[in-house]
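So the protein lines, in turn, are chains A and B. Quick note: to get the numbering used here, add 80 to the position in the first sequence (first position is 1). Quick note: to get the numbering used here, add 80 to the position in the second sequence (first position is 1).
Hints may be right or wrong, so weigh each one.
Identical copies look the same in the list; a pair holds intra-copy or inter-copy alike.
Result set (DSBU-like, lysine-lysine): computed pairs, CA atoms no more than 30 Å apart in a straight line [stated by the list, open to error]:
#1 LYS219 with LYS209
#2 LYS228 with LYS215
#3 LYS228 with LYS127
#4 LYS219 with LYS189
#5 LYS127 with LYS209
#6 LYS181 with LYS160
#7 LYS227 with LYS82
#8 LYS127 with LYS227
#9 LYS228 with LYS209
#10 LYS108 with LYS227
#11 LYS215 with LYS189
#12 LYS219 with LYS108
#13 LYS108 with LYS215
#14 LYS157 with LYS227
#15 LYS215 with LYS227
#16 LYS228 with LYS181
#17 LYS161 with LYS127
#18 LYS186 with LYS219
These are computed hints drawn from the structure, not numbers from a lab.
Number of protein chains: 2
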Amino acid sequence: MKTVHALEVVPAVMQQLQVGAFLTVAAKGRTNVMTIGWALVGILWQKTVMMVAVRNSRHTFGLIEEAESFTVSVPTKDRKKELDLCGTLSGRAVDKFKECKLATRKAQKVSSPVLDIPGYHYECRRLYKSALDPKMMDKALEELYPKKDYHTLYFGEIVACYQTD
Amino acid sequence: MKTVHALEVVPAVMQQLQVGAFLTVAAKGRTNVMTIGWALVGILWQKTVMMVAVRNSRHTFGLIEEAESFTVSVPTKDRKKELDLCGTLSGRAVDKFKECKLATRKAQKVSSPVLDIPGYHYECRRLYKSALDPKMMDKALEELYPKKDYHTLYFGEIVACYQTD
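One chain only, chain A, in its complex shape (with noise of 0.2 Å):
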């Protein structure tokens, strides 16, 4: 396990965003994890932040809504068929750690864990969170929401980054 500079790794994840990473959630006793395409990056309020966008029909908006903190894993090998997978599956439906045989590590500061895989492990303390105002968005954004099931911000400062081999 070694150390990163949170934002130093930023072109590594955005590369790999565009398959695939993993949002790991802990509350009320339970954990989830599903693909994230998305995430913003950088200095916001003095500090190092991530944000992250769910959906409101997302298993995982039930439980992120209740945390205090969320973790993103970005693969550095090979992990499409779990990325499909875990996008593609509900939690509410099945366990995708089972299904898509994927363990956990306990994060170092936070609640949530990280993915047991190889790859950059951003652990995240929920700073602020804002639901999408569909009044303010450019028109360009309506087609993404054709079920109005817009997405909750939420902004996360990194207090833990690192890589995994």
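Given chain A, work out where chain B should sit, using these hints.
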């Protein structure tokens, strides 16, 4: 002028943000520039996105609320003096371009200009905005808002990104 990949240069951009970058906005026939130290960058809504934050007490706030675009110019040579001035003067009281001896140049794809300085230039078309809701903020952020002049977050699609010498 050299086209660069908006996400590839994020480490350099984030390092410079710790000193400062310039946010330029044109609207209602006026143009203003302010110093920013915060920004998020990444992928959102299937687009390459930059997010900036402007306090509602700022002169720029009145402009960016009306604008369809904003630009961020990230200096690659020392601009500490101009960054300090543009961070303390108000566009309400003075012409910051004149006071700071800064010139603008026409942007490639948006109506707000970029600064005519050596640096990375991000041209952003506004996709979404969201006024911070203090009720959703972690207590750790309260000290940033003793006057309750909260930021509004502006999310723009990066429609052009390039480096000038």
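*Going back to the hint list, which numbers does this structure go against?*
7, 14 and 16
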